[in-house]
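K.L.:
Chains as they are written, first to last, in the working numbering: chain D, 1 to 489; chain X, 1 to 78.
Calculated from the structure, these hints are not laboratory results.
Take the hints with a grain of salt, since some may be wrong.
Distance condition first, Cα-Cα at most 20 Å in a straight line; then the derived SDA-like pairs of lysine to any residue [to be verified]: (1) Lys19/X <-> Glu444/D; (2) Lys17/X <-> Ile118/D; (3) Lys106/D <-> Gly32/X; (4) Lys429/D <-> Ile60/X.
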Amino acid sequence: MFEFLKTYSDTTAIIYVSKGGIEKIYSYRDLDIASSKVANLLIKKGIHKGDRVFVYIDRSPETYFFALGILKIGAVFCPIFSSFGPDAVKERFIDCSGSLIITEDKLKENVKSFPHLIIDNDDFIKSFSSMDSDYISSNLNNDDIAIIHYTSGTTGKPKGAVHKLGALKSHMKTSKDVLHLVKGTNYWCTADPAWITGTSYGIFGPLSVGAMILVSDPGYRVHQILQTLEKYKISIWYTAPTLLRMLMRQDKSVFKDYDLSSLKKIFSVGEILSGEVFRWGVENFRLPIFDTWFQTETGSIMIANTGHFPVKSGSMGKPVEDINAAILDDSYNILDKGDIGHLAIKTPWASMFCDYWGNNEKYKSRFHDDWYITGDLAYRDDEGYFYFVSREDDIINTAGHLLSPYEVETILNSHPFVLESAVVGVKDKMLGETVKAYIILKEEIKPSTKLQLDLRMLVRNRLSPFASPQSIEFVDSIPKTESGKIIRG
Amino acid sequence: MDRKEAIKEFLLDNIIKGKKDITYGDSLINSGLVDSFGILELVFFMDSTFGIRVEDYEIIDAEADTINRIVDLLNIKE
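All chains should be modelled from the sequences, with the hints used to inform the complete structure.
P.N.:
See below:
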């Protein structure tokens, strides 16, 4: 399963650039050794095959050491955003009865009630260094549970999408076929590993083909992004529309300051790639931006522009090899070209999720006959290109982060001054959508900007920064259906 | 409390994790202490506290990476 660590042993696997600009380089052999040490350390800590191990750290080489080490012993890799607050961590960890949280000193307050391992202190370094650098995986098979990715649910409770070890083959195949990665490709995926993209195409896919992964998080700082592309001669760049929109704000002359001749292909994922962004890409990078589509549940890319056929502006491309996608009506019949309906994928496929942890009923509800119903509305044209239209549910997509309104409302409602709240997504030119909260205050509480700030900080610090409402409106009532459900439309 | 002090207190209380103190000259954005969503919160804080609106992209574009530079930007906007 991890032959690539031996096959490409002398090849550079990772170039890591810290936020302070310090560079570290690791070969595939280095990764093999470090992940084996992690495997031995986890076993020493009492972690067994099937145990859920959370990785709650900033993106770093250690993310890779732990992702591989966890899988080597047959445990389950559960990455979560390091920006998550204690409530978000707790809900996920308890949901799947986690065994251990790998974390950093700065986050220890958020995990103090749970078994955890802090990896940026002397004790850990001493312990890690003393571990055997060999570990031979045994008793692993494709049906073993390997990864759980949490995704927002419409009812607020995050769902743990469970993936099997066999999904890694799909990550490898699509990394080759769609992203055109091969041994030695200078590759940069800007997605955090807590996103499915950051795991499938930030870790396992590119490693399995011997690519060189740049691990760097320049945020939305334009010069740093362009400098990074130039300095590391990135040839394949997998990014997201929010970042591209941020670049679009810049004067075009800024691109002339950088030699981007190494850049051969740009891929995008996570949000709709508008025609405007596509045209800007062609004009400024002299390259088409290839949109791709998949979900946490699908595990790997399902629909994409691969470069093997012309790109149509605004289209997410065509189904990749071995994937059968269709547009269905409300009775689950296949619709004709041009008709908007439910985007569905014919089951099974290699990287298909195999359950929502502890919620098989919800899992089953996502299927009809042999179709997986994605929850996206889309249409198909007469040449087989697919076009995203919208989500079917209330999930908010802010800068590619999927958020449940209910999860944010729960935090807001916990404030002593709040009687009730309703959260919706509102269109935003830069972030796609932002969070807007309507708040009914308790009697005698007066609205104020101080209270707005308190509410924003409450959500930010207990849930996550991207869940913080960018707009708060104090209202007297919230529209509801007869059954009491908030009308968000 | 002056603006620099107020911003520092807000950042340490709400945005920056794992640090007990920062100076007015410390890098905030390039060092990774404050991410893009943190800048959005700072924008709201400054607007609601000082009544001066500096957009997040103005902070990024001006490379106002320290409290000193952010307050300079506030003063210009004022």
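K.L.:
Now, for every hint given, state plainly whether the structure supports it.
P.N.:
Checked hints:
1. Lys19/X <-> Glu444/D: 38 Å, violated
2. Lys17/X <-> Ile118/D: 15 Å, holds
3. Lys106/D <-> Gly32/X: Judged against 20 Å, a Cα distance of about 13 Å means the pair holds.
4. Lys429/D <-> Ile60/X: Status holds; Cα separation ~17 Å.
Hint 1 from the earlier list is the only one contradicted by this structure; the remaining hints agree with it.
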